[in-house]
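Peer 1: Sequence:
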Amino acid sequence: MSCWTRRRWLQTAALLSLTSTAPWVRATNAKPHIVIVGGGWGGLGAVRALAESGQVALTLIESNPAFLSCPLSISYLIGEVPLSKIRKSYHRLERLGVRHLQIPLLHVARDLRALLLADGRAITYDYLILSPGITYDWSPYPTLAQRLHDYPVAFRPFEHTALKARWQAFLAAGGGLFLITIPKPPYRCPPAPYERAAMFAAAIKRRGIKGKVVVLDANPNPLPPPIAKPILDTFAQRYAGLIEYYPNQEKLTIDPDRRTVESPAGQLTYAAANIIPPMIASDLIRAAGLGNRYAEVQLPSFRSVADERIYIVGDAAGTPLPKSGHVAFGAGQQAAYHLLAEITGKPKHYAPGEAVQLPAGICWAKMGDHTAIGIHVTANMVVGEAPKLQFQVDSTPTLESYRAAWQWATQQWNAMLG
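In our numbering, the protein residues as written are 5 to 422.
If you are wondering where the hints come from, they were derived from the structure by calculation, not from laboratory data. Quick caveat: nothing in here was measured; it's all calculated off a predicted structure. Treat the hints loosely; a few may be bogus.
No farther apart than 30 Å at their CA atoms in a straight line, the calculated lysine-lysine pairs in the DSSO-like style are these [as the list claims (entries may be wrong)]:
| no. | residue 1 | residue 2 |
| --- | --- | --- |
| 1 | K233 | K168 |
| 2 | K350 | K392 |
| 3 | K89 | K209 |
| 4 | K188 | K216 |
| 5 | K209 | K233 |
| 6 | K35 | K168 |
| 7 | K216 | K168 |
| 8 | K209 | K168 |
| 9 | K92 | K168 |
| 10 | K188 | K168 |
| 11 | K89 | K216 |
| 12 | K255 | K233 |
| 13 | K392 | K35 |
| 14 | K392 | K188 |
| 15 | K352 | K392 |
| 16 | K89 | K168 |
| 17 | K89 | K35 |
| 18 | K255 | K216 |
| 19 | K233 | K214 |
| 20 | K392 | K233 |
| 21 | K255 | K188 |
| 22 | K255 | K214 |
| 23 | K233 | K216 |
| 24 | K214 | K168 |
| 25 | K255 | K35 |
Quick list of simulated restraints, FRET-style, between CB atoms [claimed, not checked]:
| no. | residue 1 | residue 2 | range |
| --- | --- | --- | --- |
| 26 | G388 | S67 | 50 to 58 Å |
| 27 | T400 | K350 | 45 to 53 Å |
| 28 | E254 | A34 | 49 to 57 Å |
| 29 | G101 | A244 | 49 to 57 Å |
All C-beta atoms, glycine included, are put in the ideal place defined by N, C-alpha and C.
Take these sequences, add in the hints, and give me the full structure.
Peer 2: Have a look at this one:
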């Protein structure tokens, strides 16, 4: 948020606290008013659980007119499916009694338990669930900060059309070197950059053009670690000569005018690139004093460390759990159930040493030729100790996992918006 915007909000909040004359948006019944910010995987997990309880009044603040799934978006990027396949309407939520405000949120005033909207209105809440997702940290690549239209990242909804256009232009030009950079964790959907490398290489191979994908990875191996071997085996066996993978490439100097990158691997000239910068929580989290890089939350409730009236779920939350759509959806549900127990006077208390399940994760890394690597993550914790994660990963890409990815996606989209 700019200093001007923050100053305007502070002035507005001070005025409201004195005069109460501003246009407030309030719940219209006696039920506790829950506001959910963010209509992605985490926010929708919370919305559906709360809506189905019938015990609260719900408002969803989401500036986008529809939901777009980042999971499975690779199929859109490579032209396998149209955008409509991964784009879903919010109309179902309205039929469930959820009020959808398609207005950007400017600021959270925790002391007033109010939110300032971009249209000048303020909305009050009894409890707030934040699922604002991530933003990009361009500080390692200052020369790109003014060239974002040329370097779409497509790790947030509705950025994929721009990246697809860059990819199609690369193919139409006859190929060359397509560069993908991968940051240090935590970042959203760890397998996704490797999936893009494989699927782009598959397209180059299928079209028979002169091109290759170069992956400059800041990490020593593909992430998460359990998928490193099947990913590297696929690169070497299926895409030899089409993918060049370089680990430990953390310090990069990118010249967008010359289309060159200086790295520990040497200097490269690229025809097109998908530069994936480090990721941090939405600016909203820091502006509200809820965390630095990511929001500080208590597990297993996902309640804010700083404010007992606020829960943070999804990729904005700073937890050891994978930043994935499935985990975000489960976190939204878990926070909602904890909140409902609080509202109904039966708060859940976790005793030291108590074993608790955390949201599980399921995701898929497509590897081309209608095959994918299935990744299943289970998580649990003993209260007072760090969470423990267990991975189950396909040893090789399979057709079964490719088909299961679409079955899973359809099931999840129906659970959110069906």
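Peer 1: If a hint holds in the structure, say so; if it does not, say that too.
Peer 2: Outcome of the hint check:
1. K233 x K168: Roughly 28 Å separates the two Cα atoms, so the pair holds.
2. K350 x K392: holds (28 Å)
3. K89 x K209: holds (25 Å)
4. K188 x K216: Cα-Cα ~23 Å, so holds.
5. K209 x K233: holds (22 Å)
6. K35 x K168: Violated, at about 45 Å.
7. K216 x K168: OK: K216 and K168 at ~17 Å, within 30 Å.
8. K209 x K168: holds (18 Å)
9. K92 x K168: holds (19 Å)
10. K188 x K168: holds (24 Å)
11. K89 x K216: Holds: K89 and K216 sit about 28 Å apart, inside 30 Å.
12. K255 x K233: The hint holds at about 24 Å.
13. K392 x K35: violated (37 Å)
14. K392 x K188: holds (21 Å)
15. K352 x K392: Answer holds: K352 to K392 is near 21 Å, not above 30 Å.
16. K89 x K168: This hinted pair holds, its Cα atoms lying about 15 Å apart.
17. K89 x K35: It is violated: about 36 Å lies between the C-alpha atoms, which goes past 30 Å.
18. K255 x K216: At roughly 22 Å apart (the allowed maximum being 30 Å), K216 and K255 satisfy the hint.
19. K233 x K214: Roughly 27 Å separates the two Cα atoms, so the pair holds.
20. K392 x K233: holds (22 Å)
21. K255 x K188: Holds. K255 to K188 sits at ~11 Å (cutoff 30 Å).
22. K255 x K214: holds (28 Å)
23. K233 x K216: holds (21 Å)
24. K214 x K168: Holds. K214 to K168 sits at ~19 Å (cutoff 30 Å).
25. K255 x K35: violated (53 Å)
26. G388 x S67: 50 to 58 Å: violated (39 Å)
27. T400 x K350: 45 to 53 Å: Given range 45 to 53 Å: holds, Cβ gap about 48 Å.
28. E254 x A34: 49 to 57 Å: holds (55 Å)
29. G101 x A244: 49 to 57 Å: Distance hint for G101, A244 holds at roughly 56 Å.
In this structure, the hints that do not hold are numbers 6, 13, 17, 25 and 26, in rising order.
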